[in-house]
Every structure is written in C-alpha cells, then in structure tokens.
Amino acid sequence: MNKKIDDIFKEKFSNFEAKPEDDLWSKIQHDQRWTEHQHRQSVKNLIIYAAIGVVAIVSSIILINSRIKSDVKVKDEVVKEINEMPRAEVTSVSAPPTLSDAEEPALEESLTEALIEPNAPDKPLTSIADEEVQNLEAVTTIAEPAKENPSLPVQTETSSKPTNKQVKENPTHTPVEKAGNLQNAGTAANPSTSSPKPTSSPFSIPNAFTPNGDGLNDVFAPVTNSEIQSYQLDIYSRSGQKLFTSRNLQYGWNGEYQGGMMEGGSYIYFIRYKDADGQEHIDKGQLLLIR
Amino acid sequence: MVKDKEIVAGCQADKPLSQRQLYEKYCGMVTGIALRYAQCSADAMDIAQDTFVKIFINIKHLKDGNALSPWIHSITTRTALDFLKSKNPSQNLIPIEEMTGDIADVYCEKYDNISEEQLLQFIQELPDGYRTVFNLCAIDGYKQEEIAAMLGCSHATVRSQYFKAKKILKEKIENYE
Numbered sequence: 001m002n003k004k005i006d007d008i009f010k011e012k013f014s015n016f017e018a019k020p021e022d023d024l025w026s027k028i029q030h031d032q033r034w035t036e037h038q039h040r041q042s043v044k045n046l047i048i049y050a051a052i053g054v055v056a057i058v059s060s061i062i063l064i065n066s067r068i069k070s071d072v073k074v075k076d077e078v079v080k081e082i083n084e085m086p087r088a089e090v091t092s093v094s095a096p097p098t099l100s101d102a103e104e105p106a107l108e109e110s111l112t113e114a115l116i117e118p119n120a121p122d123k124p125l126t127s128i129a130d131e132e133v134q135n136l137e138a139v140t141t142i143a144e145p146a147k148e149n150p151s152l153p154v155q156t157e158t159s160s161k162p163t164n165k166q167v168k169e170n171p172t173h174t175p176v177e178k179a180g181n182l183q184n185a186g187t188a189a190n191p192s193t194s195s196p197k198p199t200s201s202p203f204s205i206p207n208a209f210t211p212n213g214d215g216l217n218d219v220f221a222p223v224t225n226s227e228i229q230s231y232q233l234d235i236y237s238r239s240g241q242k243l244f245t246s247r248n249l250q251y252g253w254n255g256e257y258q259g260g261m262m263e264g265g266s267y268i269y270f271i272r273y274k275d276a277d278g279q280e281h282i283d284k285g286q287l288l289l290i291r
Numbered sequence: 001m002v003k004d005k006e007i008v009a010g011c012q013a014d015k016p017l018s019q020r021q022l023y024e025k026y027c028g029m030v031t032g033i034a035l036r037y038a039q040c041s042a043d044a045m046d047i048a049q050d051t052f053v054k055i056f057i058n059i060k061h062l063k064d065g066n067a068l069s070p071w072i073h074s075i076t077t078r079t080a081l082d083f084l085k086s087k088n089p090s091q092n093l094i095p096i097e098e099m100t101g102d103i104a105d106v107y108c109e110k111y112d113n114i115s116e117e118q119l120l121q122f123i124q125e126l127p128d129g130y131r132t133v134f135n136l137c138a139i140d141g142y143k144q145e146e147i148a149a150m151l152g153c154s155h156a157t158v159r160s161q162y163f164k165a166k167k168i169l170k171e172k173i174e175n176y177e
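Chains as they are written, first to last, in the working numbering: chain W, 1 to 291; chain S, 1 to 177.
Hints were generated in silico from the structure; no laboratory data involved.
Just the calculated beta-carbon pair ranges, DEER-fashion: (1) W:S59 to S:Q12: 27 to 33 Å; (2) S:Q12 to W:E256: 52 to 58 Å; (3) W:S26 to S:A156: 44 to 50 Å.
None of these values were measured; they are calculated from a predicted model.
Here a beta-carbon is modelled for each residue, glycine too, at the ideal position from N, C-alpha and C.
The whole structure should be built from the sequences, with the hints applied where relevant.
Right, here's the structure in full:
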C-alpha cells in the first residue's frame with residue numbers, strides 16, 4: 001500500500017510522547033534562570049506586602065483620628081447644650097423641651113413690645129409648664145383672641161405680673177378658671193404659644209418615658225408623619241457620654257446601656273435629620289427617664 | 001487528572017504543587033516534541049529543560065487556561081528552533097539550491113514493520129535544516145509560508161528542503177532491514 005511519506009510521520013508523531021530523563025525535574029528546579037526568577041518574584045511579593053501593610057496602617061490612623069475628632073465635636077456640642085440649660089428646668093419633673101424655651105423670646109417679639117418687657121425675665125412661668133401642657137388645648141383656643149386683640153396688652157401691662165403669681169400660687173386651677181384669668185390678663189398667651197412643638201420640627205418628641213415593662217411609654221422614640229430622608233437619634237448622659245444611637249425611627253431607646261438599666265433622671269437627645277428637601281436639621285433637648 | 005485551568009491558576013500564583021502537576025502532565029509531550037527536533041536525546045533534554053523554564057516564567061501571560069496544551073506545544077517548538085540556531089548558527093544559512101518545476105508528493109511502501117523509535121532515529125539523522133522544516137511542515141502542521149517567516153528564509157528554500165527531507169526519509173525507510 002502506497003502512502004505519502006508526510007502522512008506516515010504525521011500519524012506516528014503528531015501525538016508522540018516520550019519519557020524524559022529522570023533528572024529533568026531537578027534540572028529545571030536548579031535552572032539558574034528559574035531560581036533567579038523565583039527570587040525576583042519573592043522580592044516583588046515582599047515589596048507588595050510591605051506596601052499594603054503601610055497603606056493599611058496609615059489609613060487606619062487617619063480613620064481613628066477623624067473618629068476621635070468627630071466624637072470630640074459631638075461631645076462639645078452636648079456639653080454646651082447642658083450648660084445652656086436653665087437650672088429650673090433641669091429639676092422640674094416634666095420640663096418642656098428646651099427648644100420651646102428658646103423660641104419664647106422670638107414669639108414674644110412677634111407680639112407686642114409691651115408684652116415682652118415685663119415677661120421676659122419671668123422664669124416662674126416654667127414652673128407652671130406642667131399644668132400648661134395638660135391644659136394645652138383649652139389654653140390655645142383661648143389664647144387666640146388675646147393675640148388678635150391689639151388693644152389688650154397696653155391695657156393690662158401693669159397687671160401682668162400679679163396675674164402670673166396668681167397662677168403660680170393656685171396650681172389646681174381648672175382650664176376654665178385659668179381661661180378667665182388669661183382673658184383678663186392677656187399675658188399668659190406666652191406660655192401657651194411656647195407649649196406646642198416648634199413648627200420647624202416635624203417630630204413630636206416625648207419628654208419622658210418609663211421603661212418598666214408595663215407596655216406604656218417603655219421606649220423613647222420621636223414620632224413623625226413627615227417625610228424624612230435620613231435620621232439619627234443619639235442619647236447622651238448628662239456627663240456627655242453617648243448611651244444610644246439609632247438610625248431607625250421605629251427603634252427607640254429602652255433605657256439600657258451596655259446591658260444595664262440606666263437610673264432615673266434626665267438625659268439629652270440629639271436628633272439629626274434631613275427633611276424632604278434634603279435640608280439638614282438638628283433637634284435637641286432633654287428627656288426624663290422615670291423609674 | 002487535574003484540570004488545565006486549575007494548573008494554570010496555581011502556576012500563576014507561583015504554587016510549587018501546580019508547577020509539579022504541570023510538569024507531570026506535559027513532560028511526555030514536551031520531550032516527544034524535543035526529540036523530533038533535536039539531533040540526539042541529550043539535546044532534546046536541554047530543549048525540554050529550557051521549555052519548562054520558559055513555561056513557568058511566562059505562564060502569567062497565558063490568559064485562557066484551557067489553551068494550555070497548544071501554548072506549551074508552540075513554546076516547545078520555538079524553544080527547539082532557538083536551541084538549534086544557537087547551537088549551530090550557520091546551519092540554516094547554508095544556501096540550498098532551489099528546486100524548480102513540480103515537486104511531486106513522495107510515496108512510500110513497506111513502512112508497517114518499522115518501529116516508532118526507528119522512525120524517530122531517521123528524523124534525527126536528517127541535517128538540522130531538513131529536520132526542522134520536515135517537523136514543522138509534516139508533523140506540526142505549519143504552512144510553508146509561516147515556516148519561511150519563522151526561519152528567515154524564502155518560501156522556495158522551505159519547499160525544496162521539505163522535498164529533499166521527504167526523499168531522504170523514503171530512502172531510509174525502503175533501505176531499512
């Protein structure tokens with residue numbers, strides 16, 4: 001049978017394999033080019049690992065530094081907040097949020113000058129806040145005419161102080177009785193306008209809670225109907241120690257810190273949030289933990 | 001058998017185990033190719049050694065792990081050519097009178113009882129130039145134009161060397177016994 005000579009060899013040798021000499025592997029292992037290459041490779045790896053290590057250390061230092069700075073910043077803010085708080089409020093059992101207190105002068109200004117002058121230094125107002133909050137609805141409705149009537153303030157300017165004292169001395173006043181007083185005096189509109197939450201805040205924030213497991217007010221959390229883009233609640237002790245953080249509106253503080261229940265007293269809350277327009281706000285104030 | 005893809009990945013990560021696996025799997029093929037191109041088995045072992053060193057150093061450039069076998073094949077071939085060139089630089093430069101006219105296919109009978117080893121020996125006995133061209137063209141399937149470019153000679157030279165190689169081999173086979 002005749003066959004092309006190339007085909008003969010192609011058939012035999014295209015997949016031809018042969019056994020190498022036994023020492024081929026060790027020759028390869030000791031080949032100078034190969035050992036030099038491996039050496040270069042290991043030096044290269046060493047340099048890469050060293051570089052990665054350095055980068056990791058540097059970045060962690062930067063990270064830790066920025067953490068410390070921001071913590072210090074927040075702590076400063078809290079300490080400032082505590083220092084700014086009026087003493088009377090701190091001891092009062094159900095003090096109104098401090099923000100409303102700060103709002104007070106502004107609101108007063110928007111009324112008449114005659115009203116401000118005698119009332120601004122009148123701190124006793126805060127001590128009746130308890131009653132005021134309870135009678136909020138009644139008072140606000142009655143306060144309306146007082147605001148609308150510009151002739152009243154002038155008329156009652158001199159009688160404003162005695163009226164306040166009267167209210168203070170009789171804390172058991174019924175809403176109706178007080179309404180009568182207010183109508184006459186026309187000055188007590190100030191505490192009533194300060195009682196509602198500031199219109200700028202979309203949250204209604206309780207000022208006290210009782211984490212005793214009875215299912216009532218066991219958890220402190222702000223409530224809102226507005227659209228909030230981002231939200232963070234921080235709770236601090238009066239010494240400025242951070243006790244709690246939450247980014248979830250549904251998840252509030254239950255009065256615990258590191259597994260233990262905190263004792264009754266007042267604490268500071270910070271609420272940082274972005275409203276629907278992306279504007280950043282901070283609501284802050286104090287809350288009372290009641291045992 | 002370990003998959004080529006895993007071997008390649010391991011070798012690219014400089015793992016000694018994968019390098020050993022690659023060697024075990026392909027040393028037969030590399031040695032076989034080297035023996036065809038070399039004049040003797042000592043040369044073939046040198047070619048094989050060079051080939052594996054090149055493989056381990058350059059495997060990081062191999063992108064497709066499934067193409068390992070053809071990649072090793074072509075590295076072995078090129079290493080063999082380099083080896084022959086460095087061993088005898090003038091061999092391929094010897095001008096061979098170019099043949100004109102038709103080059104007929106060379107046919108051969110009586111090849112059945114010739115062993116693989118004997119055929120291999122016939123190849124090795126060819127002059128370097130003939131052997132190289134015959135290997136590249138007849139067994140490894142390169143085109144004559146490609147071979148001319150690889151060896152840096154004219155297509156006509158390749159064609160005439162190929163033809164002469166075949167004639168010599170035919171004589172060897174027919175005179176064997």
